[in-house]
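Next come the chains, spelled out residue by residue.
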Amino acid sequence: MTLPTVDVVVVGAGAAGGIVAEQLSLAGLHTVLLERGDKFGFSQTGHDELRSQRITVLGNAFGPDDKHYVRLAQTSDGHFVRVRPSEGAYGNNAACVGGGTMSYGAMAWRYTEKDFRMRSTYGAPEASTLEDWPISYDDLEPFYSKAEWEIGVSGTMGANPFEARRQKPYPMPALPLNTEASALFKAAQGLGWHPFPIPMAINSVTYQKRSGCIQCPHCVGFACEVNAKNSTAVTAIPRALATAHCELRTNCITSRIVTNDAGKATGVEYFQGDHALTQPCRAVVVSCSATESARLLLNSATKLFPHGLGNNNDWVGRNLQGHAYAGAYGIVEKDLFDGLGPAARVACCDFSHGLPGGLKGGAMLSNEFIRLPYLFSRNAIPPGTPKWGLEHKQHMRHSYKRTVSVMGPVQEMPVFESRVEIAPEVKDAWGIPTLRISGHRHAADLEVARFISARAEEWLKACGAIKTWPVLPGRGVSGGQHQAGTCRMGTDPQTSVVDRYCRIHDMDNLYVVDGSVHVTNGGFNPSLTIQAIAYWASAKITGDLRGRSAPVLPLPA
Amino acid sequence: MKIDRRLFLTILSAPLYPAIPLVMLTAGEARVVEALCAQIIPADDWPGAKEAGVLYYIETQLAGPLERFVDNYKNGIPRLMSACREQTGKLFTDLDPAQQKQFLQTVEAGPDTELNRFWQVVIDHTMQGFYGSPKHGGNKDETSWRMLAIADVMEGHNH
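Just so you know, the protein sequences line up as chains A and B, in that order. Note that numbering that gives the first Met the number 0 gives residue 387 to position 388 of the first sequence, counting from 1, and the numbers run on in steps of one. Note that numbering that gives the first Met the number 0 gives residue 124 to position 125 of the second sequence, counting from 1, and the numbers run on in steps of one.
To give an idea of the chain A side of the interface with chain B (calculated C-beta under 10 Å), a few residues:
id, residue
1, H46
2, R50
3, I54
4, L57
5, D65
6, S85
7, C215
8, G338
9, L339
10, L371
11, Y373
12, S376
13, H391
14, K392
15, Y399
In case anyone wonders, no lab produced these hints; they're calculated from the structure. Computed from a prediction, not measured in an experiment: that's the story for all the values here. No residue lacks a Cβ here, since even glycine has one placed at the ideal position from N, Cα and C.
Throw the hints in and build the complete structure from the sequences for me.
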């Protein structure tokens, strides 16, 4: 069935799609926001460690579900195996209104100037497609600020001496440090480092009529029971719907972007239950996250675009990246656990760039969210301590409240062979060809990871750890919650997929707005950057459709 | 995979596990799984996985989200029993706890990777059942949370 034409279809109601839908509908454009998942509240998803976004052994409360979705993942010997969303190799990001922002940890980082100029800073490492972004930090700064104020970020301006220039303070003061974070704060100062409270998209006080954080221990992996966590599900999307210009359709599985003989997008095809629907429109925005956005473009091939939309030069799906997490655990002599969330509260950016020995990139280092008991039982056990038996149980009892972890998202060097492709022979429940993920991390990432891990152990020892042990990443490709890079932004259509405003190079009304466009992914959690770019691109899309520059913020030259 | 007939009959004729109705596991299989659970998290001053009902967690979840592991159990249990008989001359469930532990340590160090894979699956499921939410069948009376002195933190957030 073909529906009446609207101005814009936004596919994916997550971190970016929610903001694009809000901005376009505020500008008076008739917007349809399609979401494959459901709309959840805390009452449906709860505080169940085994069914969270982080631990999915009994499924993921935020979707997608194992019954309808499947992918192929590459094993270490090069074969492809079927994986379901609850398995780690699937590289799952949530499927629901709000996307990953419903259940994320909500660290709200700005990348630094150098993060947008990695090629200029570090040259061109062999076997990497490392490149500068076509936009600078200065281009994006007003949009970072807009994201912080519109979504709501708590933090302390000026507390991080390595932070890039910012014009406005945070709209809310930083959340308090818990016992562990306070101890680590002092320890970092003792080392001559520069600790500061992590900026979080979590209300520290009542903001936009929603409550401040109640410091429960269930933060990352869960929806917030008082809506103090600022997902697009409780911020941008309700504001979009309030304009009456935006229509949110949930449980809608987009299968294809429709294009005409002139190479213009004319609508999208999707499934809602048993119904196959076509939604015609003047422009399409793809915001499905790096893996699924690439899949949708590749699945929309036509005679004119035989390799998929935006893929004339074989760059769609390439450069899949995330972060190579590195750090350490330490055991201290007295309990530092006080049960107060969100717990991840103190960070140092002393090692984000400028590492010795020619190391390329770096990572922000911070303490971790509260490790709930099952995750702890598997991941926080020191080498030499048995993984089962009485010793394991007694270790749990003795060390649960004395184990501290410091971790950092090591910036990855993009690798052309790390990619998302269509697996035509394997289909999801709607008969849509699924994707397969293959590739590997760059060797340089592991060198940086070792350095970062050594700093983490140093920090923990300074905090009184009597025993520390490293956590190091392997060579396997990243593709989980920080997935990025598959539709690179650039000025040269030969070596990128979208232009600096997220428009597909060879099409005038198809945009990709999400982490896919990241040229590099910073040494930070990426959500605030995804959202700043969503504001940046929305201003341009609105202008394109209105035939004038955007009403929200002036576009930089 | 070869199982001798006598062993097979022993598994079938083992006494019915008394406390819970079994759907996914036979009574014999349940006895083995419960013995493995007790090795993974034994009782000391605090109840172990057996007392916390982890068998019930595994039995319940094998009929749900852990369905893809059913074959691991169906193949792994007889494999473990055979290996144990070959090595010790006894049924696993007839060994005393110290002997069971010793045998399982040899499984981890041994060449039978398939058997070890099964053992690792049981370890993981036992940790889930013991440390996860009681609503899934294990962690009876929040045993593990009380042992870790975090019941106050978890309570009220266990929806």
